[in-house]
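S.K.: Starting from the structure of chain A, add chain B where the hints point.
Each chain, letter by letter, is given below.
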Amino acid sequence: MSFKSVQDVQNRMEQTGYIPSQEICTIVFLAQETQKPILIEGPAGVGKTELAKSIAACLGQEMIRLQCYEGLDESKALYEWAYAKQLLYTQMLKEKINDVISTTASLAEAVDEIAEHEDAFFSDRFLQTRPLLAAISSIDPVVLLIDEIDKSDPEFEAFLLELLSDFQVTIPELGTIVAKSQPFVVLTSNNYRDMSDALKRRCIHLYIDYPTIETEKEILRMKIPGIQERLLGKIIATVAKIRELDLKKKPCISETLDWARSLMILQQDDITEDAIFKTLNTLCKHKADYGVVRENIAHLVKG
Amino acid sequence: MVNVILKFVSCCRAAEMRISTAEVLDCLRQLEIVDPCDERQFNTVLGANFAKSRREQGEFDRLYRLFFHGMQTKVPWDGDLPEDALTQKPEVPDAMLDKMAQLIRQVRDQEGSEDSNKRKGNELDQALMDFLAGNPLAFIQEVQKIQNRDEQATQFFKSNLGQLSSRLEIMLRINRLKTKMVQFLGSHDAFIEPWAESDVTFLKERVTSQLTKALDFLNTEPRLDNAGQKETGTRELHYKSVGEIPFSNLTPKETQAVKEIIDRLVRKLEEITSRRFSGANRGMVDVKKTIQRSVKYLGVPLEIVHKSRTPRKGKIVTLCDVSGSVWSSARFMLNILYSLQTCFSRVKSYVFIERPFDVTSFFMSNEPNEAIQKILNDPRINYNARTDYGMAFQQFRDDHLRELDKKTTLIIIGDARSNYLNSREPLLEKMRDRCRRLIWLNPEQKKFWGTGDSEMMRYQDHCNEARACGNLNQLIDFIEALVL
Numbered sequence: 108m109s110f111k112s113v114q115d116v117q118n119r120m121e122q123t124g125y126i127p128s129q130e131i132c133t134i135v136f137l138a139q140e141t142q143k144p145i146l147i148e149g150p151a152g153v154g155k156t157e158l159a160k161s162i163a164a165c166l167g168q169e170m171i172r173l174q175c176y177e178g179l180d181e182s183k184a185l186y187e188w189a190y191a192k193q194l195l196y197t198q199m200l201k202e203k204i205n206d207v208i209s210t211t212a213s214l215a216e217a218v219d220e221i222a223e224h225e226d227a228f229f230s231d232r233f234l235q236t237r238p239l240l241a242a243i244s245s246i247d248p249v250v251l252l253i254d255e256i257d258k259s260d261p262e263f264e265a266f267l268l269e270l271l272s273d274f275q276v277t278i279p280e281l282g283t284i285v286a287k288s289q290p291f292v293v294l295t296s297n298n299y300r301d302m303s304d305a306l307k308r309r310c311i312h313l314y315i316d317y318p319t320i321e322t323e324k325e326i327l328r329m330k331i332p333g334i335q336e337r338l339l340g341k342i343i344a345t346v347a348k349i350r351e352l353d354l355k356k357k358p359c360i361s362e363t364l365d366w367a368r369s370l371m372i373l374q375q376d377d378i379t380e381d382a383i384f385k386t387l388n389t390l391c392k393h394k395a396d397y398g399v400v401r402e403n404i405a406h407l408v409k410g
Numbered sequence: 169m170v171n172v173i174l175k176f177v178s179c180c181r182a183a184e185m186r187i188s189t190a191e192v193l194d195c196l197r198q199l200e201i202v203d204p205c206d207e208r209q210f211n212t213v214l215g216a217n218f219a220k221s222r223r224e225q226g227e228f229d230r231l232y233r234l235f236f237h238g239m240q241t242k243v244p245w246d247g248d249l250p251e252d253a254l255t256q257k258p259e260v261p262d263a264m265l266d267k268m269a270q271l272i273r274q275v276r277d278q279e280g281s282e283d284s285n286k287r288k289g290n291e292l293d294q295a296l297m298d299f300l301a302g303n304p305l306a307f308i309q310e311v312q313k314i315q316n317r318d319e320q321a322t323q324f325f326k327s328n329l330g331q332l333s334s335r336l337e338i339m340l341r342i343n344r345l346k347t348k349m350v351q352f353l354g355s356h357d358a359f360i361e362p363w364a365e366s367d368v369t370f371l372k373e374r375v376t377s378q379l380t381k382a383l384d385f386l387n388t389e390p391r392l393d394n395a396g397q398k399e400t401g402t403r404e405l406h407y408k409s410v411g412e413i414p415f416s417n418l419t420p421k422e423t424q425a426v427k428e429i430i431d432r433l434v435r436k437l438e439e440i441t442s443r444r445f446s447g448a449n450r451g452m453v454d455v456k457k458t459i460q461r462s463v464k465y466l467g468v469p470l471e472i473v474h475k476s477r478t479p480r481k482g483k484i485v486t487l488c489d490v491s492g493s494v495w496s497s498a499r500f501m502l503n504i505l506y507s508l509q510t511c512f513s514r515v516k517s518y519v520f521i522e523r524p525f526d527v528t529s530f531f532m533s534n535e536p537n538e539a540i541q542k543i544l545n546d547p548r549i550n551y552n553a554r555t556d557y558g559m560a561f562q563q564f565r566d567d568h569l570r571e572l573d574k575k576t577t578l579i580i581i582g583d584a585r586s587n588y589l590n591s592r593e594p595l596l597e598k599m600r601d602r603c604r605r606l607i608w609l610n611p612e613q614k615k616f617w618g619t620g621d622s623e624m625m626r627y628q629d630h631c632n633e634a635r636a637c638g639n640l641n642q643l644i645d646f647i648e649a650l651v652l
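Here the protein sequences come in this chain order: A and B.
Residue numbering for the first sequence follows this note's numbering, beginning at 108 and increasing consecutively.
Residue numbering for the second sequence follows this note's numbering, beginning at 169 and increasing consecutively.
Rather than coming from a laboratory, the hints here were simulated on the basis of the structure.
Don't take each hint at face value.
For lysine to aspartate or glutamate, the following EDC-like pairs were computed, each having C-alpha atoms within a straight-line distance of at most 20 Å [unchecked claim]:
hint	chain 1	residue 1	chain 2	residue 2
1	B	574	A	304
2	A	394	B	412
3	B	614	A	351
4	A	409	A	336
5	B	483	A	264
Chain A extracted, bound-state conformation (with noise of 0.2 Å):
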């Protein structure tokens, strides 16, 4: 079922454990109407990917999704022929080739009799469908969410183009496939690298930073009921410490989770020197950042 209004997106999407700002509901809702894909930037761990699954529930389709990489081509976002499958059905059906091309006269007869079965090698039999295919031959509207197409190459950017402006794709043997129904797009990015100025014009741009303290609480209250006041103060504002620090990498909302679902299984009421060093796996995911976490323990235990 569609959004209807702003208002909607964000009572719908917090619904299903996902706070957006207005800012994103205004987005959603604009990106579903006009139907342009969105096209989020933000740190990693800020929940892009999560707003992509949330939209998905919201409207209660099946969320495709296409991890991006370098060196990802055609064959591995669209389609493949199954070659293998397709040579292994030629040697057994050789017999029955035998029988179509036995009341041939001449070679070019034979060919062209064979031309007309061409069909049967060439047919969705054959044919292994790779997420954007399948987001595009899906009955039912489909949310596609393709992840870090910062990581892709020059040349997918170029090809995604083509498809997200016409939503259609041409495969030389079966010919052109539109789309049965426009799925609702949603491309993340890191800023590894720039996008094409034609990409961006494509998609509605949308930029999440890492959350206000006061969302966060909210996330950490929905997704860990039960959760002491006073400690979810106190672990939002060591988190927020912990941020200001020069790590290698920064915890992200995810990892406050864990911190958080972590320090309640341990039962620790309150945060010590000692609950941070037991538990500062969850938090810091490099070495070296457990020594800059360590140097600096006693100012984050402080006040």
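M.R.: Relative to chain A, chain B alone:
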């Protein structure tokens, strides 16, 4: 409504934001969907369509504030939007705006008769008066012109006075106009029917406040919010003692040790990359070979052969400051890049002090260390010149921009100390737009960035990644991130 948006768009374009007609159309269409009277939604729609990356957001916000909050004009509404959609709390009543327009007309007439021969100054005055009348377009254009002006390439005498003096001229013009307007208002007899005292005071204040805004706009350049930029802070200590010594302080013995470590590292990295490519290069099915192999199994294609893909490698272009302190670390950098040539499809390098000079051929025909020696002794590079990043970028743009494409990583090695000459950071932006990534390596540690004549803070906003790279440990971190 359409007119207001179009005016705003032309202002954005004057400030060199790229906004296409399609985006304007999208924006207008989207404004029909949301509630444009809610400023948050209005702002979001405009921002989502016009500021296409986090970097542009700052510039967009600045223009948005100036245009929708700083200027106030009578908005001719077409369509059924409520009259007060944008100007909910009108600061200035419409009658006053009329009077302001009248005032500007009168001053303009007087100006025209006085100095019609001074063309240049006149344009500027016109722009300022447009600004007062609520149309900042011409003024933004003038300001942008200053930022983009190319300096004459001079051999001996360098200064940053070109930009400064143009700025100063505008400031003086603003002040002159302010005085003039206030004086004009003082002499009531200029008008056929004299205005009320309160009106005159109001207009005086308005003129002053608007011109102050113009002055602010000229003087505050937006700091870009480059939140997507990769930050690298603390790093692992690969080598305890020799790894932490700044390259510029190495003794000959330590230099030798560093070189040995680099050699080992190069071998290790080559091994890792070759292993990785051999695993990942399975491409399309090679029909010819598959059929050939199937002969062994009575024509059953049991063994499927894939075409191997040539490894995808990036092109690297380095632009290297070779003045004093930087060179000591740049030489290690170049050494390692050229030792790792097999990992990249092409490495091209330029060195510069005030103008870029192609040194790729030195590295092609010599061992990296010999090449570095030869570059240092090359008479064509003027080692006595003063470092000038702005000029180096300008010349790089003019002569070598074609070297950059979407598969190229541009690495700039330098301390960004430009002797207080014009920094020309918009050029850096142009270069970034042409290449895949722009990485800046600074041999100075982060705490010194932006001190003295260092323009690092301005430059780093335009880079995809900025790192301090002044000792072996930092160099190893960078190379591993680049190659792996």
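S.K.: None of the hints should be skipped; say for each whether it holds.
M.R.: These are the hints, each one checked on the structure:
1. 574(B) / 304(A): holds, 13 Å
2. 394(A) / 412(B): holds, 18 Å
3. 614(B) / 351(A): Holds. Residue 614(B) to residue 351(A) sits at ~16 Å (cutoff 20 Å).
4. 409(A) / 336(A): holds, 18 Å
5. 483(B) / 264(A): Distance ~19 Å between residue 483(B) and residue 264(A) Cα, so the pair holds.
Checked against the numbered hints above, the structure breaks none of them.
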